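Chemist: Below are the chains, spelled out letter by letter.
Number of protein chains: 2
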Amino acid sequence: MANNSDRFVNQIADINSDYTQWYTDVCLKSELCDYGPVKGTMVFRPYGYAIWELIQAEADKRFKAQGVKNAYFPMLIPQSFLMREAEHVEGFAPEVATVTHVGDTELSEKLVLRPTSETVIGNMYSKWIGSYRDLPLKLNQWANVVRWEKTTRPFLRTSEFLWQEGHTAFASAEEANADALTMLKVYKELANEVLALPVLTGKKSEKEKFAGAVATYGMEAMMKDGKSLQSGTTHYLGENFAKAFDIKFLDKDGTHKYAYQASWGISTRLIGAIIMAHGDERGLCLPPPVAPVQAVIIPIGSAKNPEVGERAEQIAKALENAGVRVTVDNRDQSPGFKFNHWELRGVPVRLELGARDIASGVMTVCRRDTAEKFTMPLDGIVGGVTELLAKIKTNMFEKAEAFTKSHIVPVKTLDEMQAALDGGNFCDAYWCGDRECEDKIKQLYSASSRVFNADQSDAHEHTCVCCGKKAKHRIYFARAY
Amino acid sequence: MANNSDRFVNQIADINSDYTQWYTDVCLKSELCDYGPVKGTMVFRPYGYAIWELIQAEADKRFKAQGVKNAYFPMLIPQSFLMREAEHVEGFAPEVATVTHVGDTELSEKLVLRPTSETVIGNMYSKWIGSYRDLPLKLNQWANVVRWEKTTRPFLRTSEFLWQEGHTAFASAEEANADALTMLKVYKELANEVLALPVLTGKKSEKEKFAGAVATYGMEAMMKDGKSLQSGTTHYLGENFAKAFDIKFLDKDGTHKYAYQASWGISTRLIGAIIMAHGDERGLCLPPPVAPVQAVIIPIGSAKNPEVGERAEQIAKALENAGVRVTVDNRDQSPGFKFNHWELRGVPVRLELGARDIASGVMTVCRRDTAEKFTMPLDGIVGGVTELLAKIKTNMFEKAEAFTKSHIVPVKTLDEMQAALDGGNFCDAYWCGDRECEDKIKQLYSASSRVFNADQSDAHEHTCVCCGKKAKHRIYFARAY
Numbered sequence: 001m002a003n004n005s006d007r008f009v010n011q012i013a014d015i016n017s018d019y020t021q022w023y024t025d026v027c028l029k030s031e032l033c034d035y036g037p038v039k040g041t042m043v044f045r046p047y048g049y050a051i052w053e054l055i056q057a058e059a060d061k062r063f064k065a066q067g068v069k070n071a072y073f074p075m076l077i078p079q080s081f082l083m084r085e086a087e088h089v090e091g092f093a094p095e096v097a098t099v100t101h102v103g104d105t106e107l108s109e110k111l112v113l114r115p116t117s118e119t120v121i122g123n124m125y126s127k128w129i130g131s132y133r134d135l136p137l138k139l140n141q142w143a144n145v146v147r148w149e150k151t152t153r154p155f156l157r158t159s160e161f162l163w164q165e166g167h168t169a170f171a172s173a174e175e176a177n178a179d180a181l182t183m184l185k186v187y188k189e190l191a192n193e194v195l196a197l198p199v200l201t202g203k204k205s206e207k208e209k210f211a212g213a214v215a216t217y218g219m220e221a222m223m224k225d226g227k228s229l230q231s232g233t234t235h236y237l238g239e240n241f242a243k244a245f246d247i248k249f250l251d252k253d254g255t256h257k258y259a260y261q262a263s264w265g266i267s268t269r270l271i272g273a274i275i276m277a278h279g280d281e282r283g284l285c286l287p288p289p290v291a292p293v294q295a296v297i298i299p300i301g302s303a304k305n306p307e308v309g310e311r312a313e314q315i316a317k318a319l320e321n322a323g324v325r326v327t328v329d330n331r332d333q334s335p336g337f338k339f340n341h342w343e344l345r346g347v348p349v350r351l352e353l354g355a356r357d358i359a360s361g362v363m364t365v366c367r368r369d370t371a372e373k374f375t376m377p378l379d380g381i382v383g384g385v386t387e388l389l390a391k392i393k394t395n396m397f398e399k400a401e402a403f404t405k406s407h408i409v410p411v412k413t414l415d416e417m418q419a420a421l422d423g424g425n426f427c428d429a430y431w432c433g434d435r436e437c438e439d440k441i442k443q444l445y446s447a448s449s450r451v452f453n454a455d456q457s458d459a460h461e462h463t464c465v466c467c468g469k470k471a472k473h474r475i476y477f478a479r480a481y
Numbered sequence: 001m002a003n004n005s006d007r008f009v010n011q012i013a014d015i016n017s018d019y020t021q022w023y024t025d026v027c028l029k030s031e032l033c034d035y036g037p038v039k040g041t042m043v044f045r046p047y048g049y050a051i052w053e054l055i056q057a058e059a060d061k062r063f064k065a066q067g068v069k070n071a072y073f074p075m076l077i078p079q080s081f082l083m084r085e086a087e088h089v090e091g092f093a094p095e096v097a098t099v100t101h102v103g104d105t106e107l108s109e110k111l112v113l114r115p116t117s118e119t120v121i122g123n124m125y126s127k128w129i130g131s132y133r134d135l136p137l138k139l140n141q142w143a144n145v146v147r148w149e150k151t152t153r154p155f156l157r158t159s160e161f162l163w164q165e166g167h168t169a170f171a172s173a174e175e176a177n178a179d180a181l182t183m184l185k186v187y188k189e190l191a192n193e194v195l196a197l198p199v200l201t202g203k204k205s206e207k208e209k210f211a212g213a214v215a216t217y218g219m220e221a222m223m224k225d226g227k228s229l230q231s232g233t234t235h236y237l238g239e240n241f242a243k244a245f246d247i248k249f250l251d252k253d254g255t256h257k258y259a260y261q262a263s264w265g266i267s268t269r270l271i272g273a274i275i276m277a278h279g280d281e282r283g284l285c286l287p288p289p290v291a292p293v294q295a296v297i298i299p300i301g302s303a304k305n306p307e308v309g310e311r312a313e314q315i316a317k318a319l320e321n322a323g324v325r326v327t328v329d330n331r332d333q334s335p336g337f338k339f340n341h342w343e344l345r346g347v348p349v350r351l352e353l354g355a356r357d358i359a360s361g362v363m364t365v366c367r368r369d370t371a372e373k374f375t376m377p378l379d380g381i382v383g384g385v386t387e388l389l390a391k392i393k394t395n396m397f398e399k400a401e402a403f404t405k406s407h408i409v410p411v412k413t414l415d416e417m418q419a420a421l422d423g424g425n426f427c428d429a430y431w432c433g434d435r436e437c438e439d440k441i442k443q444l445y446s447a448s449s450r451v452f453n454a455d456q457s458d459a460h461e462h463t464c465v466c467c468g469k470k471a472k473h474r475i476y477f478a479r480a481y
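Residue numbers (the working numbering), protein chains in the order written: chain A, 1 to 481; chain B, 1 to 481.
To be clear, the hints were calculated from the coordinates, so they are not data collected in a lab. Each hint can be trusted.
Result set (SDA-like, lysine to any residue): computed pairs, CA atoms no more than 20 Å apart in a straight line:
| hint | chain 1 | residue 1 | chain 2 | residue 2 |
| --- | --- | --- | --- | --- |
| 1 | B | Lys61 | A | Asp60 |
| 2 | B | Lys69 | A | Ala50 |
| 3 | B | Lys29 | A | Asn70 |
Coverage of chain A stretches by chain B, computed from C-beta distances (three or more under 8 Å per stretch; other residues unrestricted):
| hint | region |
| --- | --- |
| 4 | 35-45 |
| 5 | 65-75 |
| 6 | 85-95 |
| 7 | 99-108 |
| 8 | 121-127 |
| 9 | 139-151 |
Just so we're clear, the structure is a prediction, and the values are computed from it rather than from any experiment. From the three backbone atoms N, C-alpha and C, an ideal C-beta is built for every residue, glycine too.
Whole structure, please, built from the sequences with the hints as guidance.
Modeler: As structure tokens, this is what we get:
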């Protein structure tokens, strides 16, 4: 039976009045994760890790379709490697964890825990790439990385996180840059189709680019508080790491040339994006493709009526055979407790089955995304649920897309920018391209440039939102996680 | 065209005269792996990592069938955690890598890179387990661990390696010990059915048990040089870590009790076992379930005859649709070069297709395990290849099993033991149970006790192989990796 302590366990802060606490509550109380013993570390509990496994499977499939192969490179990197690319070391050195000892013995060379693997992979590529025949080389690894952040939040920013990092090498600059753009498209499709997440994609400013890249492309997702979450980035690295690690190939023309590279990554941050883009006052709301439980069956009164329990199991079996991830909640708890439990955990479809339902040949269905409740004929329940899951995914994407579109505000002045930001919006702005204006906006409003707008056609007809000089770019500014 | 340098690339040392160099050659030249820049680290190249992914998928399925769920715990553990279990710290402290700094800042508490995760998981279990209702708790993680070894070899012993570690908690000692035994059985099935690897399983001696366990069970596989490779271990931990981390639950009887635990792991060492148990003078020989390429099609004379290439692709498509991992080798190289290339890489089935084969309605088939060459009707090739793959797996297991059985020698004296070990055998011996005798055997012959024999019935009727006192156990001694 549900009691007060059970209700307390499931209680989460109000999403409208305290979004930050709501996020923490959802993370912890839906048992996605917990805090690790070392400050800034987190534990992926089974429910959270299962979401990551589903994201991984979908991403991995798409990478392989692009001719990418998986490999695994060492986590420990000589500290000196980091130094070889000037911008790279400047960007990462302050947050790099360093191994100095093994047992009681001091190491002769300090080792760092990979914050990203351009350097160690660059070192191996220089061994493996000798001829144009060895190109393109497209490898990916699923790995943990360590970046020591001062302020941490589950999934969004933790000292250690899980991600994939793709590292590619090509004979030409064009191919390498095209790879960065292709993978950005792959990420966008993954976000749209698997996470039901609309994203803005485009090039990033010099200030916001990856330390060591020639150009960085990003995908930005709008959270329900109007802030942006950088949800994936791809980098065109030019010859920067090839020069630092001597990655050269003998070209068809008989001359030795540096390889051109790209790298790209998505991480467990995507789980944070799902929580904040789709969640609501009842908790998590999971897009069906990444829901570890897509449908929960709640037998009503099965203690008194064994037929209810039996039918519930039969239906579960039929759904499972059709590829639906389903569970029957047989716990000795009230239906109300169970409804709350699974709603908090964002399960897309709840199916209730009682003796009366069986007699009428129906099941009561409740959608998590809309809270609509209706009946569905037992005959044809498998097709009905499968279709419903597809419909939920589409609806979740459309809802998030409508929200995003309605929260992008064109701004011409700093005052307009402030009003837009304070109202929980992205700013669609024109910008002169100077770092000083980005810094000023950051200082004034804690907002940053996110990605260039896909449409740059009229940029030169406008003036910079900050300094009023002639604009060079149309770009999104937003507060960001 | 094959040239001398290509042949050199594929050349490996003679397995009979230099097994150690043969192993290294197979690892590197079949492109399973490479050395990382930091001493003792290795890179999993795509071919080697693909084998690991196949092992993972098979193992993960079996774990889930046991009710185990995946999670992920932080890699960085407070150094003080290791100290809490006396034997544990003694066993692991000398090989633990320690993080002392982030950027230029010294950490207030030193952190170690997990050598295994009993401590950090114990810490979390103490938070999550409150009542008997929370038990059993059965979690697994796929992760990297770091153990700084002085002497390293690819796959067998590297500073960082990949593994899975299962950590379970129960209300009773019996359940926890049963879990260790059940998982040992799961590992054995995996070894037998997926890796075609016969293994000896049983309890380990006190000397050989895991640091912190009450009892360790191991699975040992015989390599072709007669040495043993510990290929998986399961541990009954009793209340040791529960006491160190205060993992208590309120039992049905209203009293608080410590939980009983087990843990179990297999690692990328299994790839080393595959190489050394099945490999031969031509290189790797992969069991079909973990072969990234199960069948390679080599078109003969396709440059002159486009039909050959087309038919090869058609057959590949048909095999792929039947779930066979197949590739067509269309490279501009001689057939001999290609044969050598794929034999070195251990691909179970080679299919050759030329104009004459097509005219006769057959394909030439070559088994990697037996080197038999025969023709198979094109009509029905899919069924033929599928059956052949199953037959190869069975044959590989039977061959390895016969080899293992014929290399286990009963020994009554130390002289017999030395002769058996020098002849590349395991010793089936009786032992008094004293650590001194194990130490002496280690010192004299570099051999160690591996696992207790499944049959202990007549142990008391014999005398210790070393000291001649009354025996307590029947146990295998062997040189080991």
